[in-house]
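Keeping their order, the protein sequence lines are chains F and W. Our numbering puts the first residue of the first sequence at 1, with every later residue one more than the last. Our numbering puts the first residue of the second sequence at 135, with every later residue one more than the last.
Just so you know, the hints here were simulated from the structure itself, not pulled from any lab data. Some clues are possibly wrong.
Pairs of lysine to any residue residues, derived as SDA-like cross-links and limited to a Cα-Cα distance of at most 20 Å, are as follows [stated by the list, open to error]:
1. Lys-4/F x Ser-226/W
2. Lys-22/F x Gly-235/W
3. Lys-22/F x Pro-119/F
4. Lys-468/W x Ala-425/W
5. Lys-22/F x Pro-195/W
6. Lys-22/F x Phe-228/W
7. Lys-4/F x Asp-167/W
8. Lys-74/F x Ala-244/W
9. Lys-22/F x Val-238/W
10. Lys-347/W x Gln-380/W
11. Lys-4/F x Gly-196/W
12. Lys-347/W x Tyr-386/W
13. Lys-109/F x Glu-98/F
14. Lys-393/W x Gln-380/W
15. Lys-22/F x Thr-118/F
16. Lys-4/F x Phe-228/W
17. Lys-4/F x Ser-397/W
18. Lys-22/F x Ser-229/W
19. Lys-123/F x Gly-230/W
20. Lys-123/F x Phe-228/W
21. Lys-4/F x Arg-257/W
22. Lys-4/F x Pro-463/W
23. Lys-4/F x Leu-171/W
24. Lys-22/F x Gly-196/W
25. Lys-4/F x Arg-156/W
26. Lys-4/F x Lys-468/W
27. Lys-22/F x Lys-468/W
28. Lys-4/F x Gln-380/W
29. Lys-4/F x Pro-227/W
30. Lys-123/F x Ser-229/W
31. Lys-4/F x Gln-173/W
32. Lys-387/W x Met-348/W
33. Lys-74/F x Pro-101/F
Listed next, the stretches of chain F that the computed footprint assigns to chain W, with coverage defined by at least 3 CB atoms under 8 Å from CB atoms of chain W [claimed, not checked]:
34. 28 to 34
35. 48 to 60
Think of the CB as a built atom: it goes at the ideal place given N, C-alpha and C, for glycine as much as any other residue.
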Amino acid sequence: MKRKIRVLVAKPGLDGHDRGAKVVARALRDAGFEVIYTGIRQTPAMIAEAALQEDVDVVGLSILSGAHMVLAPKVKQALNEQGMDDVLILLGGIIPDEDVPTLQAMGIKGVFGPGTPTPQIVKFILQELAEPVT
Amino acid sequence: MAHPQLNTLAGLVSALLAGNRRALARIISHIEDNTALAQPLLAALYPRAGQAHIIGITGAPGTGKSTLVNGLAGLYRQRRLSVGIIAVDPTSPFSGGALLGDRVRMRDLAGDPGVFIRSMATRGSLGGLAQATADVIMVLDAAGFERIIIETVGVGQSEVEIASTAYTTVVVEAPGLGDEVQAIKAGVLEIADIFAVNKADREGADRTVMALKMMLNLGIPDKYQIMHHGRMLPVTLPLASAPDQQWIPPVYKTVATQKQGISELLEGIEEHHRYLVASGRRQLRSHLRAATELRMILRDTLLDRVLAELGTAAIDAMVHAVAQRQIDPYTAVKQWVAAYNHRPTT
Ligand SMILES: Nc1nc2c(ncn2[C@@H]2O[C@H](COP(=O)(O)OP(=O)(O)OP(=O)(O)O)[C@@H](O)[C@H]2O)c(=O)[nH]1
Ligand SMILES: [Mg+2]
Numbered sequence: 001m002k003r004k005i006r007v008l009v010a011k012p013g014l015d016g017h018d019r020g021a022k023v024v025a026r027a028l029r030d031a032g033f034e035v036i037y038t039g040i041r042q043t044p045a046m047i048a049e050a051a052l053q054e055d056v057d058v059v060g061l062s063i064l065s066g067a068h069m070v071l072a073p074k075v076k077q078a079l080n081e082q083g084m085d086d087v088l089i090l091l092g093g094i095i096p097d098e099d100v101p102t103l104q105a106m107g108i109k110g111v112f113g114p115g116t117p118t119p120q121i122v123k124f125i126l127q128e129l130a131e132p133v134t
Numbered sequence: 135m136a137h138p139q140l141n142t143l144a145g146l147v148s149a150l151l152a153g154n155r156r157a158l159a160r161i162i163s164h165i166e167d168n169t170a171l172a173q174p175l176l177a178a179l180y181p182r183a184g185q186a187h188i189i190g191i192t193g194a195p196g197t198g199k200s201t202l203v204n205g206l207a208g209l210y211r212q213r214r215l216s217v218g219i220i221a222v223d224p225t226s227p228f229s230g231g232a233l234l235g236d237r238v239r240m241r242d243l244a245g246d247p248g249v250f251i252r253s254m255a256t257r258g259s260l261g262g263l264a265q266a267t268a269d270v271i272m273v274l275d276a277a278g279f280e281r282i283i284i285e286t287v288g289v290g291q292s293e294v295e296i297a298s299t300a301y302t303t304v305v306v307e308a309p310g311l312g313d314e315v316q317a318i319k320a321g322v323l324e325i326a327d328i329f330a331v332n333k334a335d336r337e338g339a340d341r342t343v344m345a346l347k348m349m350l351n352l353g354i355p356d357k358y359q360i361m362h363h364g365r366m367l368p369v370t371l372p373l374a375s376a377p378d379q380q381w382i383p384p385v386y387k388t389v390a391t392q393k394q395g396i397s398e399l400l401e402g403i404e405e406h407h408r409y410l411v412a413s414g415r416r417q418l419r420s421h422l423r424a425a426t427e428l429r430m431i432l433r434d435t436l437l438d439r440v441l442a443e444l445g446t447a448a449i450d451a452m453v454h455a456v457a458q459r460q461i462d463p464y465t466a467v468k469q470w471v472a473a474y475n476h477r478p479t480t
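Input sequences plus hints: build the corresponding full structure.
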């Protein structure tokens, strides 16, 4: 059987709006991925734990609170501590342009603003995962 | 690669037995993806399994299964029992993708090293789903989890099959799903060891309980007979249990969101567990399961072998001939078997 791509979609932080995250989760399912949706108010430790148990290839974060420069690196660090440093991390939300290079340098590879067409996210995932053939 | 030892059979097995959760997660993926390591892993772990009590939680969509699992697992943890959870959701037949959302209701269990939760998509495999689920259960069992809870949506035959992997099956009902008796689907009585009428804070819970009890009074079919249909391996079963040891499924009212009735439900599950062991039925179920499993694997193995030997061209030609009614399917298969038996020896 062909290997299925598994994606964890999570909302770290305190804001309680998960409509956008759910839309992306559904779009990723429709693109043929197995999407594990974990809901709102997730701590970085909870996200890393779920990513480990579910053995996902991708972690997608939705952060609308403006706290992305704090939360996203914390998730990355928590994943590294679990030995999951090869997981592709995506971030969606209202992210100022000047933050993007810093985030990417921290290993948050894909940063997507609100209203990004989901096929673009799908394409990004497929490209990123296609390269390192293990 | 950060963990080269998790790429080999020996590395994965020893890490799993040492309690490495990443190894556990990786092994489950190997089995789900049916990689080259899947069979050797299963072979290595099989002798270590067999200790866990396996609990199936099934019921219509939205009845509160995940919330119940969250509550049950929390109580088991208070009793210092480790819990492995498998939450199965359907794969979309259109995209092949799946949206697995059961973890949302299980957040109380986060951060507890005595709990491991895995979401699983059905992946639309032909009859292989029950086997894949059974294999993942076996891995959690070998990893040392003392209670394994498997959540499935009770709509199709495959979910019923998954439930048959469990020792104790809890069927979850909720009031207000329309006509109470209608809601209690055919087949459910046969697989239920325990009923939970969840959302008992809602109108109509008592009516659902009554409807269930009435149906149960009409007589409980012997599930071992029902599971015995079809062609089985000719096995000698280890017991004929005494007729006075009949189990009558109890009905519990629960409010999962408020953790009401959960400890009673858990007691019921443990009571059923003790009953299975004391009556010898646990052993009987293991035997039936082994017989089914062997038969299934034998069938698949032979099928793969014969088809590989024939080759796609010959298969296509025969399919065409049968479709055109130039030959009937029984004679066709006879010819295939003959061709396989007379294959050139290598
Ligand atoms: N009023 C009430 N609501 C409940 C109860 N238990 C669960 N719910 C709610 O019912 C909804 C579905 O609960 P889940 O636990 O996700 O149900 P499920 O059966 O796992 O759902 P699926 O996995 O989608 O089939 C959620 O909004 C829960 O909060 C209960 O006892 N009373
Ligand atoms: Mg559920």
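Which numbered hints fail: 4, 11, 14, 17, 22, 26, 27 and 28
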